[in-house]
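S.K.: For the sequence shown, the numbering used here begins at 1 and goes up steadily by one.
Where hints are given, some of them may not hold.
To be verified - Pairs of lysine-lysine, BS3-like flavour, derived with a Cα cap of 25 Å:
no., residue 1, residue 2
1, K109, K60
2, K312, K298
3, K298, K287
4, K302, K109
5, K298, K109
6, K312, K287
7, K290, K312
Hint data in this document are derived by calculation from the structure and do not stem from the laboratory.
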Amino acid sequence: VNKEFGQPGQPAVVIREGEVTVDDRLSILQAADVLLDTSINDGLNLHPFLFCSAHASDKKGSMITSEFTGCSSVLVGATKVNPWNTQAVMDAMHAVVTEDDEERDKKFKVDNSYVSSQRLSVWMRTNLSELKQARTAQGGPVKGLGAGGAVLFMERGYRHLSVEAVLHDYRQARSRVILLDNEGTLAPDRRQVIRPYGAQETLDRVGQPLDPQVLDCLQALCEDRNNTVVVISGRSSNIMEEWFGRIKDLGMCAEHGFYCVPPFKGKQHKGVNRWQCMQDQSGQADKEWKTICETLMKQYVKRVQGSVLESKGSAV
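Input sequences plus hints: build the corresponding full structure.
M.R.: Structure, rendered in structure tokens:
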């Protein structure tokens, strides 16, 4: 490689063996524009964090990290690669060196903001606290919905209800009210997974539609005259309308009840005007609190990795 691409006194590839001090390592990282890390299995890889620290002043640089390292899950601005896929690594290298300067700087600032806010003492206290909680946590009796007045025990969560018992009670009941949570019940809740730069914000703001089979099951439940079915979600009314609007007789609660559509039995209720709001919508509502909250929360978004800011009718 040096023979073909290097110049006299300026080799393309430099191999340095032996001990490297922290100062030398930071100097090398500061001189580099791109960090390429293709570790096969490295749970505690600090080099990407050091790269961010080395460029804390100029706030410029790009990182390509292996998806098998622990840091890849929190550095959302870095490009993730499978080191076994040589072509993918080459494509990532080309994409990084030809990337737009503005986009590159945005990605770096996201990761630099996260790295600069982390402290070893906080990391140690958090881990020790979680270990202590896991050790001292005891399961206790929790009264819940089961067969009759049975008592459920909560260890790491509620135990699953007996399918046979639920079916038996469902068939015996003459009138049923079914309240269903959206993400976490009808669909997996993927909002807590840290994703690459830009993807997390899209998922949090837009979400993912439900599986068509789940929608068909909801329609079948609503067609039973003895059922009153309501879906509850923190999503906006526009998203709820897009996802569930075609299901006849379904009740919906958006923003956890701030907007709602009562279940209209046997009536046509298409259109946005069917949404009812808990607040006066005449335009006289006090919105000063939202401006203050948005200004404050923007500061936390800069500090918390993978977080986004979303303004809704009832909350920020």
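S.K.: Take the hints in turn and mark each one as holding or not.
M.R.: Status of the hints after comparison with the structure:
Of the supplied pair hints, the one linking K109 and K60 holds, its CA atoms being roughly 8 Å apart against a limit of 25 Å. With a CA separation close to 15 Å, the supplied pair K312 and K298 stays within the 25 Å bound. Restraint check for K298 and K287: satisfied, since their Cα atoms lie roughly 17 Å apart, inside the 25 Å limit. A C-alpha spacing of about 9 Å is found between K302 and K109, which places the hinted pair at or below 25 Å, so the restraint holds.
Distance hint between K298 and K109 is fulfilled; the C-alpha atoms sit about 15 Å from each other, no more than 25 Å. Proposed proximity of K312 and K287 is supported: the alpha carbons are some 11 Å apart, at most 25 Å. Pair hint K290 plus K312 holds up; C-alpha atoms about 9 Å apart against a cutoff of 25 Å.
The structure agrees with every numbered hint stated previously.
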